[in-house]
Every structure is written in C-alpha cells, then in structure tokens.
Amino acid sequence: MNDEPKPAEGLSEAFLKRAAPDRAAMEDLIVVPFFAVVVALLLGALAMLATNVDLATVGRSYVALLVGSVGSFNAISETLTAAIPLTLAGLGIALGFRAGMFNIGAEGQLLIGGMAAVIAGFSFAGLPAVVHVPLVLLVGAMAGGLYAAIAGWLRAATGAHEVITTIMLNLISYRLVDYMLRLDFIQREGRSDPISKSVLGSAELPRILTWLDPNLRLHAGVFLMIAAVIFIHWLLFRTRLGFEFRASGESPDAARYAGMRAGLIIVLAMGMAGALSGLAGANQVSGVLGRASPGFSAGIGFDAIAVALLGRSHPWGVLLAGLLFGALEAGGRQMQVDAGVSIDLISIIQALIIVFIAAPLLVRRLFPWGFRKPAPVAKE
Amino acid sequence: MLSFNRVLAPAIVATTLAAGTAASAFTACQVTDTGGIDDNSFNQTAWKGVLDAQETLGVEGRFLESQAETDYEANINSLVNGGCDVIITVGFLLGDATQKAAQANPDQAFSIVDYAYDPVIPNVLGQVYATDEAAFLAGYLAAGMTKTGVLGTFGGINIPPVTIFMDGYYRGAMYYNAQHGTEVTVLGWNPETREGLFTNNFESLDDGRAFAQNLYDEGADIVMPVAGPVRLGSAAMAAELGGDTIKIIGVDADLFLTDPANGGVYLTSVTKRMDSTVTEVIQRAMDGSFKGGVMVGTLENGGVALAPFHDMDAAIRAELKAELETVRAGIIDGSIAVDE
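Chains as they are written, first to last, in our numbering: chain A, 1348 to 1727; chain B, 174 to 513.
Hint data in this document are derived by calculation from the structure and do not stem from the laboratory.
Note that the Cβ used here is the ideal one computed from N, Cα and C, for glycine as well.
Keep in mind that the hints are not guaranteed to be accurate.
Per the computed footprint, the stretches of chain B lying under chain A, defined by three or more beta-carbons under 8 Å from a beta-carbon of chain A, are [what the hints assert, rightly or not]:
no., region
1, 325-336
2, 472-480
Here are the simulated SDA-like cross-link-like pairs (lysine to any residue), alpha carbons at most 25 Å apart as the crow flies [said to hold, decoys possible]:
no., chain 1, residue 1, chain 2, residue 2
3, B, K273, A, D1685
4, B, K273, A, R1535
5, B, K320, A, T1557
6, B, K273, A, Q1534
7, B, K273, A, D1560
8, B, K273, B, P295
9, B, K273, A, N1399
10, B, K221, A, N1399
11, B, K494, B, T358
12, A, K1544, B, K494
13, B, K273, A, L1396
14, B, K273, A, V1569
15, B, K273, A, T1557
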C-alpha cells in the first residue's frame, strides 16, 4: 500500500489495483487465488481442531463438503443455484472495479432490484410466461441500475466517494424494503409480518431439472448467468464503451485527456453494475424464493465483492469464483448434516480466502516456490 | 445477515453429534431458523427436545442451521435426501418452505413448530402454543413489580408466534390495573392496532441493546424482549445498569438457567416447552401413531408456563404470588379470558 494520506481511499485504490491489474500481473492472478483457497481450507481444518473436533470428523467434513457440492445431481443443482446470484452480482462489482469504482452497494441494489421484480411479478396477471419472466428480470435490472446510478451521479457531480455513498444507500435500502413490505398493495393478505405477495406462476423462472427429481431447485437463471458472463466479457474487451471503462479505471487522468467523458462513464459503469445486482435480486425472487421478505438479499451483495476479488474482475474468473462460493454454500450444508460441523465454518473459510487474496505478499511468503514457477502449480 | 457479521460471529463449531452406531437408528432431523441452534432460547429449546429423545428413546439427531431465509428450502431438501425419519422445522417463517417440501414428499413425516396448516397437510404435524396464557401471568407479575409504572416489550418480527407473547403480556398488565386500580402502561405493543416495536430480525444483539435502552429511557423498568437471541443484548445492557434498575422477562426457555451469566437480570421467563412437544412428535413418529394435524401447548397441559423466580423469589410479595396462582387457575378454568 502506498502512503496515501486518506486511508479509506488508499485502501480502496489498493484493492482496485489488485482487482483490476494489468497483463504483467497475470501470473499472480491464478496462483494467489489458488493458494488462498488451499490455505483457507487448511486453516479451516485447524479451526475445527482447535474447537475440539477430532481429526476423523475434520476428514468427514471435507468429504461432505465435496460430496455436497459436486457429489450428486442435487449437490450440483444446489451449487449452481447458489452460484447464479453470486456470479451476477459479482460481475457487477467486477465491472465497477474495471472502471475504477469500488461498489459496496450490491446488497442494496439487489434488494431494490428484487423488490421491483416482485412487484412486477405479482402484478400483470394474465401475461404469458415468455413475456412476464423477461419483464420481471428487466424491471429488476432497471431498478437496481437506477439505484446504483444515484451513487454514480453523486460521485460524478459532487465527488462524493462511492464507497461511502453505496454503504449509505445499502442502509436506506434495508429500511425502504421493510417499509415497502408493509404497504397494502405489496404485503401478503392475512399476514401482519413484512412479507410480499407471491409472484405469479407466469413470472417464475422455470425449474429445469424437475424431470429428474422434483426437489432439484436449479432454474433457468443459470442460462441468464452464462449469458451475462459472455455479454460482460464482450462489453469489456470488445466494445468502445468497455475500453472507456477500463481506461478510466486504469488512469482516470489519461482517460480524461484522451477526451473521454469521465462523469458519464462513472454513471454508466455504476448503473450497469447496479443492473447486474438488480438482476441477481430479480433472479432470487423469480427463481428461488417466489416472494420478498426483509432478509431476502441474504448477504449475497457482500459475498459478491469477494467473488469479484477472487475472480480478479475478469468475467470468466468471476464465474469460477461464483461457482466456488456456490459450492462452499451447498457443500457447507452437507457438512453440517453429515459431520455435525457448524455451517459458520464456511463463513470462516470464505473470509480467510478474502484475507489471503487481499494479502498477496503473505501468500508469496508462504509459498515461494509457487511464484518462481507459477505455471505448473497453476495447472494442478 | 451481512456476511462480514457472520465472519465476526464467534467461531463456534458445533459439538459433534452423538452418532448412533446402529445403521437402523431412527433419525430425527431439525432445521433451525436464522437465530441459530445456540440461541439460548427458541431454537435451542426445540433442539433440546431432540437431545432428550436421543437420551430416552435412543434416536439419532441431526440439525441444520439456517443462515438466511434463502436457506430454508435448501436445508429442508438436503434433509429430505439425508435419510431422516422425521424432519422438524423450527419457526413460523419456515411455514412456506415446509409446506412445499411436505407436498413434494408426501411419504416423509414433517413437524413444524409455531405453524398450523389449514387445511391440515396429512404428513405435517404442527406444534403451536397458547403462549398468551403464560405471558398474561408475566404481564400481571410485571405490573405488580414495576416501580415506574411503565413496562416495555419488543419483538423480533411481527408474526403471530411473537405477538401472542406481547398480547398476553399487555393484557395481563391491564388485568392487574383493573384489579388494583393502578395505571401501569405497556410500551412497545398495541394489541388493537397490531403495531409495536420490532427489530425485524432474530439475530442482532446490538438491536437488543438499543431497543431495551430506548424503552428504559422512556421509563420502563421491566422489559420483555420476544426476539430469540436478540434479547442477549438487552440482558447485557440490563446487567451493566444493574438488576435493580431494569429487569428482563425471558421467553421460550427459562433464561435464568440457559443464560446464567446474566441470571441476575431475569425476573422470570415465559417458557414455551418446545422440547417436550418435539420429543412427543419423535415418540409418535417412532411408534407409528404419527399423523398430520395440530398439537397445542397450554398452561393446563404444561406446554407453556411461568418459570420459577429463582434469585428474585424473595423480592416478590407473597400476596402477589398468591394472586398469580389465582389468575393461573382462572385462566385454566376459563373464568379469565386472556384474549380480550
């Protein structure tokens, strides 16, 4: 970290540098995340041992983690179901990183997008599903995008730092959702707690594996996730707008001198990032929950920051990181059932991964050989 | 809810379960709500029912904690695939997810705490509690004990199994007023408008502290938090101020016993014996008498009760204790209505 006088900004810039690095740092990109995951799993085992879990149970836990994430149709279905919103919101954060914005607000954008999607989902009775589902997703994306654009506009117009404004917008969104869920036209009939009406059948993302087993929850959002990864990759690396995003992220001054409209780029980048988070929210209410209630964001917007960091802000990297976090979530459940180990351990492992990603020097120190010859290790 | 919070949460790794050795052991599985298995009250009491069954009936028990409500359906599903003989879901908020899973898996026995389906689902046994009967006694006691004439309460989420505590508490205090001509007021809940103070979560200890502090600032000297582990924050705040300034009434479990560190602040607890109903459900599933429907815990059958006063016993006037006995008898024989 450099000697930046303002700590908040210095920190976020250091993160940005790591999250959206240049080509020369590429070797870092694969080796550091790989070792971060390995070390996190090892330390997770130590944490278990330190809390009086015997070695056999530790072994059973990690077997269960593997079985629960990829060991059966149900496991794969759960992994993918959990990965979809993480990847979508992670793409949004990654896009922001690329454009030089540290968007902490995915959680709020996801909530606002999800709320808008729920309203669109229970209104408009009689629409065919082919119209209703895309409408719900579009409404969710637009609401999330507009909400994030507020932070972008504040940054462009007043210089207010997006880290601060998005955190504040998160807090506003929590209370806004609480409030909206108590409105007569949103709240479910006959309930006094904050819970929305259920979305109509025509607004639900269809579950695609129920022909195998009615309990499989994987839904059509998985195609949305893949399409979004391809689209963001194309946008970032094949279009002029993407070039402007990346140029602004690498060097705002150079971009400005080259005639790029800095303010517009900031607002657009934030808006698109928010749209992806909003899409993640719409995906949750339309594909998984079928309704909204105060906690429906479930911390996905924050986990997505870790996903974007782990994926090094590269769309395919984000997809892989999203799948890994989805696997940890699905496997963690199995771990608790089979080995009786608390699911909190998964949070610890996720946190350790982030710690090691954020501290590449530590990883280099721990695994010096990994960096002298990065290629063979990375291929493992 | 925030993943960063979860990370900071104590690195509790659940104790290894007493794994049944026989492959054919009867397995009872439980899904908690977001409060967690170690919340000292709601989920922990229900889990105690499974532990008791492990002890007395020799079953094997497993649990899955929900970290967010997006987990409910997934958690139930992983237990459906996990060879459970009966799946017990803990809490009203799991109502939708339990219904869905029960209908998709009609051969699996389910039981849910705090939810009754109408019409009955043939493979789901609901466990509900007339908590207002016991809370009525707590309200009566609190009204007799308050020095400021102001009582407080707050809830986790505005759902029937929470507000039924607050209804009983409020009406018990009003009944005391009617009997003694006093003017004790209750802050935090209005049974007519169904509005009151709610933290909107069952997790935040900070909220527990802040809500109790607000009520204390408004003059309340006895507070009943109905929010699972949230009240640990209230109890800690009360312990700092000293048990003489503000007292806490516990809910679900006898908190004097489950939270001994703050034992001095609990006036009493409104217990909801989920442990005994859960054990009963497991018993029924084992002997084959299990069928869908509703089980109701009342003052009369011991499903709900007012806990012993423990250290506070000496501070409570003998005549107040006698009155409580009379009120209790009146509720049981129906001469005192708790719901009006």
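Here is what the structure says about each hint:
Counting residues of the region 325-336 of chain B whose beta carbon lies closer than 8 Å to any beta carbon of chain A gives 5, which reaches the threshold of three, so the coverage claim holds. As drawn, the region 472-480 of chain B meets chain A at 0 residues by the rule of a beta-carbon pair under 8 Å; below three, the given contact is violated. The suggested pairing of K273(B) with D1685(A) holds, with an alpha-carbon distance near 24 Å, which does not exceed 25 Å. Only pairs whose Cα atoms come within 25 Å are accepted, and K273(B) paired with R1535(A) is accepted, the gap being roughly 17 Å.
Taking the CA atoms of K320(B) and T1557(A), the gap is about 62 Å. The hint is violated against a cut of 25 Å. For the hint pairing K273(B) with Q1534(A), the CA-to-CA distance comes to about 20 Å; that is within 25 Å, so the pair holds. Proximity of K273(B) to D1560(A) is assessed by CA-CA distance (about 14 Å); at most 25 Å being required, the pair is judged to hold. In summary, the hint linking K273(B) to P295(B) is supported, as the alpha carbons are separated by about 13 Å, within the 25 Å threshold.
Taken as a hint, the K273(B) and N1399(A) pair is broken in the structure, with Cα atoms around 37 Å apart against an allowance of 25 Å. Between K221(B) and N1399(A), the direct Cα distance comes to roughly 21 Å. Compliance with the 25 Å bound is thereby established for this hinted pair. At roughly 21 Å between alpha-carbon atoms, K494(B) and T358(B) fall within 25 Å of each other, so this suggested pair holds. Proximity of K1544(A) to K494(B) is assessed by CA-CA distance (about 47 Å); at most 25 Å being required, the pair is judged violated.
Restraint check: the Cα-Cα separation between K273(B) and L1396(A) comes to about 38 Å, which exceeds 25 Å; the hinted pair is violated. For the given pair, K273(B) sits about 22 Å from V1569(A) by alpha-carbon distance, which is consistent with the 25 Å threshold. With a CA separation close to 14 Å, the supplied pair K273(B) and T1557(A) stays within the 25 Å bound.
Comparing the model with each earlier hint shows violations of hints 2, 5, 9, 12, 13; every other hint is respected.
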